[in-house]
Amino acid sequence: MTEFQTVIGLEFHAELKTKTKIFCSCPTTFAGEPNTHVCPVCLGLPGVLPVLNKRAVELAMKAGLALNCQISPFSKFDRKNYFYPDLPKAYQVTQYPLPICKSGYITVPDADGNEKNIRINRIHLEEDAGKLVHSGESITTSNYSLPDYNRAAVPLIEIVSEPDMASAEEAKAFGDKLKLILEYAGVSDVKMEQGSLRCDVNISLMPKGSDKLGTKVEIKNLNSFRAMHRAIQFEEDRQRRMIERGEKIVQETRTWDEGSGQTLSMRSKENDHDYRYFPEPDLVPTVITPEWIEAVRSELPELPDKREKRLKEECGLSYYDCAQIVATPALAFFFDEVAKIFDDKKTIANWLIGDVSRLINVAEKEYEQIPIAADDLAYLLEQAKSGAINNNSAKAVLEEMFASGKKPAEIISERGFAQISDSSALEEAVKAVIEANAKAAEDFRAGKQQAMGFLMGQVMKATKGQANPNLVKELLAKMLK
Amino acid sequence: MSIYDMTINQLQQQLNDKNISSYELTKKYLARIEEIDPVIHAYITVTPEAALEAAKASDERRARGELIGDLDGIPMALKDIFCTDGILTTCASKILANFVPPYNATCWQRLADVGAVLLGKCNLDEFAMGSSTENSAYFATRNPFDIERTPGGSSGGSAAAVAADLAAYTLGTDTGGSVRQPAHYCGVVGIKPTYGLISRFGIIPYASSLDQAGVFAKNVYDCATVLEAVSGHDEKDSTSTPYPIGDYRGACQRDVKGMKIGMPKEFFEEGIDPRTIEIVKKAAEKFAAAGAEVIEVSLPHTKYALPAYYVLACAEASSNLARYDGVRYGVRVDKPTLEEIFCATRSAGFGEEVKRRILLGTYALSSGYYDAYYNKTLQVRTLIKEDYDKVFASGIDCLLTPVTPGPAFKLGEMLDDPLTMYMTDVCTVPINIAGLASMVVPFADIEGLPVGVQLIGAPFSEEKLFTAASAVEVPRRLPPDILKQAVEKGVER
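Protein chains in written order, with the working numbering: chain Y, 1 to 481; chain Z, 482 to 974.
Treat the hints loosely; a few may be bogus.
To be verified - Computed cross-link-like contacts, DSBU-like style, restricted to lysine-lysine with a CA-CA straight-line distance of at most 30 Å: (1) Y/K17 <-> Y/K76; (2) Z/K866 <-> Y/K131; (3) Y/K17 <-> Z/K717; (4) Z/K575 <-> Y/K80; (5) Y/K102 <-> Z/K857; (6) Y/K80 <-> Z/K836; (7) Z/K866 <-> Y/K76; (8) Z/K717 <-> Y/K80; (9) Y/K80 <-> Z/K746.
As the list claims (entries may be wrong) - Partial pick of chain Y residues on the chain Z-facing surface, computed with a CB cut under 7 Å: (10) P46; (11) L49; (12) K89.
By construction, these hints were calculated from the structure, which means they are not laboratory data.
If you're wondering where the values come from, they're calculated on a predicted model, not measured in any experiment.
Quick reminder that beta carbons are idealized off the backbone N, C-alpha and C, glycines included.
Please take these sequences and the hints and turn them into a complete structure.
This is the structure:
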């Protein structure tokens with residue numbers, strides 16, 4: 001039986017994180033009452049003209065730089081013409097022959113765990129359409145549909161990969177990595193559930209070892225990477241069965257139906273629109289100088305691959321710790337902030353992955369809204385490290401910092417967490433414990449090391465946990481000699 | 482001298498001398514519109530209340546000594562393609578029969594800001610597609626010099642309004658000759674400045690890469706006054722010029738002596754009325770007599786301009802007019818399904834010529850035809866532009882040509898023959914294709930019908946055009962009595 005090789009290419013649409021729309025000054029804020037974030041320009045009223053949002057260009061450049069693309073010194077916009085009520089001008093302003101970014105790549109692990117570069121063909125800048133709210137299930141079965149143009153002309157980038165992925169796993173790895181990079185670059189909110197990141201799949205099968213691509217099918221309506229993974233597996237299976245039965249794959253667009261877990265035919269290529277692309281005469285070409293590229297590049301933070309490597313090499317963190325921190329940009333940025341003040345990076349990592357993450361989850365907050373300041377956490381960790389407070393107290397302080405927003409120094413003093421590190425103050429307590437536990441003292445002298453633990457526990461109890469354990473140990477050893 | 486025949490400066494003198502107020506002047510214009518316009522049909526919409534209110538405000542400024550400029554209190558009109566906040570803007574189309582924009586076109590805003598008094602909105606060929614105003618969905622405009630003839634188009638209403646003294650000046654738009662041809666047919670001065678000199682914001686587009694607003698005025702100096710007020714960069718139009726505008730009024734006073742006037746031989750060939758050619762040659766003699774040097778030049782790709790124009794303009798129009806789908810504004814024909822709404826709305830809302838151009842443009846952009854038509858045309862456009870670049874680089878200051886093959890034709894004469902009608906644009910379209918500056922000045926007449934000459938300059942050389950135009954300008958000729966014509970020709974009011 002013939003073995004088949006899956007060939008997958010992906011197309012992503014990411015909404016850019018600009019304050020205003022791509023051609024007017026309406027806000028890009030998600031949601032809002034229908035048709036409240038609109039003006040004559042984004043409604044496409046007669047006679048209005050687009051004015052390109054410079055920040056949208058910069059964010060597209062940023063995405064390109066983060067994805068190892070070439071930034072085009074000269075790009076321009078085109079009109080993609082089709083009729084639909086969510087498209088106010090009946091054309092979408094997009095880029096066709098001259099996109100803003102070309103030829104990039106992302107590195108992902110392949111099936112054997114080796115690094116594999118997935119190439120990016122292009123990134124182009126375009127405007128989003130509005131949304132239709134149907135009275136029924138879909139536009140064809142509804143009595144009426146109401147257009148909401150709040151989303152119309154929100155800036156988007158479309159990222160088109162080469163058909164370099166061979167499995168659902170690779171496609172998912174590409175998607176995860178892309179999402180993370182865009183998030184680090186601050187280019188997009190990348191929230192698939194809100195539609196700020198959307199993904200289409202192109203998939204075909206060919207006999208293993210062949211270099212002749214099979215007929216491709218496009219899958220739309222993928223609302224999560226999980227859905228993408230399932231859809232690819234379903235489609236691989238469907239196409240393989242068809243080929244094995246000797247049937248021809250039809251070039252078509254299919255939609256993923258989450259409920260039934262299948263892809264369904266939407267339209268065949270013959271019924272595809274003729275978009276009649278032509279240069280947008282209302283905008284001038286976008287000229288990007290090397291100086292501008294460098295200025296945008298300097299805005300980019302350290303990206304995931306490099307960051308992971310640094311955490312591993314410079315901070316001596318484990319693969320697991322690195323992955324945990326790098327996977328959440330807000331946490332990674334917070335890590336850097338704390339590390340500027342407190343230099344035990346391993347400890348920072350442990351606290352961030354441990355208690356800080358736990359408390360964020362408990363509070364049902366996002367990592368973007370960590371309610372404590374980096375310098376306060378650094379102070380707390382310093383106190384614990386120097387022995388000024390013990391570890392358990394430090395945890396309690398952190399909890400209260402989350403709960404009350406108070407400064408750690410304030411909490412430590414209010415709650416009396418400061419450790420007793422003054423030997424003269426402790427000697428009294430140690431002496432009293434030895435006297436009250438003569439049996440244990442004898443055992444220790446007789447060489448029973450376990451007795452030390454018991455005696456220490458008694459000292460800690462007597463000092464309400466505030467004794468510096470190292471000092472207690474020292475004193476006990478000295479007095480029991 | 483009648484108040485209607487006065488230039489802007491003369492009117493300002495009258496207003497300053499308190500011989501008349503802006504309010505009274507506006508009333509006089511409104512009264513004349515009421516009397517004459519039922520014959521001429523220059524206006525689609527007249528706005529008497531807003532006009533009188535603006536005139537009153539101007540009078541108050543004048544009384545307080547806070548006059549804004551030379552256009553303050555002067556009654557004028559706009560082609561009904563300029564969006565006017567709160568005022569019906571139809572583009573002479575049924576599909577926009579109810580469209581009231583919530584914004585002003587930038588050039589109208591600039592005039593309003595200096596105290597202009599808007600009398601109303603002038604007739605045009607639907608969406609500026611046509612050369613006679615007969616494609617208006619409402620009515621055809623009549624030529625004041627012969628009410629059985631066309632005023633030209635597409636800005637025919639704006640040209641006729643100035644010629645018939647129904648406004649002191651007007652604005653029009655010119656995509657392939659729509660200011661210059663009607664200026665020529667109606668015996669008024671008309672300028673189509675360089676692409677980008679006047680903001681296109683708020684002008685309902687026909688072909689975005691060719692559209693440019695222009696001015697109709699009673700003489701060259703008035704034209705310069707208005708052009709200075711409306712020109713210059715607009716942050717709402719990325720294609721508007723970033724450079725400072727010129728001193729057009731100053732240029733009107735300069736001497737034409739030593740200027741090099743080119744006469745491109747391709748504009749004097751077959752198809753042009755010999756009487757027209759004679760008139761242009763007379764203008765050349767006048768230039769020579771004033772000390773300019775007249776030189777024959779060649780623009781070899783001129784013959785490709787007309788077909789190139791119809792491909793480019795129609796392609797852009799097919800996209801620009803796609804938004805009129807009945808969903809958001811304008812007229813909608815209700816039907817059970819979306820596709821039927823689109824089809825029925827557009828079928829009912831657009832006139833024949835508009836449909837013809839949408840179809841031509843859609844075809845030219847279609848997959849499989851794009852390279853043969855649209856792409857090839859872009860190459861032709863470059864060649865045409867290079868012709869002009871070479872001529873201007875050789876030291877020519879401006880070109881002198883006919884405007885159209887002949888004088889105004891009769892209404893209805895070419896209605897069934899769109900190709901012949903398209904030919905009337907043969908001398909004007911190359912200028913839009915190449916993005917140049919161009920102006921029409923009335924110079925003579927053929928059997929009583931006005932004939933102008935066209936001056937063409939390099940991009941942003943409007944100052945030179947004004948110097949040349951002032952040198953060749955003749956005193957304004959008034960049309961014969963319009964009401965008398967109506968009686969004689971049996972035209973009902």
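Hint by hint, here is what the structure shows:
Restraint check for Y/K17 and Y/K76: satisfied, since their Cα atoms lie roughly 21 Å apart, inside the 30 Å limit. For the proposed pair Z/K866 and Y/K131, the alpha carbon gap of about 43 Å is over 30 Å, so the pair is violated. Taking the CA atoms of Y/K17 and Z/K717, the gap is near 23 Å; set against the 30 Å cutoff, the hint holds. A threshold of 30 Å between alpha carbons decides the hint, and for Z/K575 with Y/K80 the separation of about 26 Å falls inside it, so the pair holds.
About 27 Å separates the Cα atoms of Y/K102 and Z/K857, which keeps this hinted pair within 30 Å; it holds. As the CA atoms of Y/K80 and Z/K836 are separated by approximately 20 Å, the hinted pair is consistent with the 30 Å bound. About 21 Å separates the Cα atoms of Z/K866 and Y/K76, which keeps this hinted pair within 30 Å; it holds. With a C-alpha separation of about 22 Å, the suggested pair Z/K717 and Y/K80 falls inside the 30 Å cut-off, and the hint holds.
Taking the CA atoms of Y/K80 and Z/K746, the gap is near 41 Å; set against the 30 Å cutoff, the hint is violated. Interface hint status for Y/P46: upheld, as the beta-carbon distance to the closest one in chain Z is roughly 4 Å, under 7 Å. Checking Y/L49 against chain Z: minimum C-beta separation of about 5 Å stays under 7 Å; hint holds. Annotation: interface hint on Y/K89 holds; nearest CB of chain Z at approximately 5 Å, less than 7 Å.
Hint compliance for this structure: hints 2, 9 are broken, all remaining hints hold.
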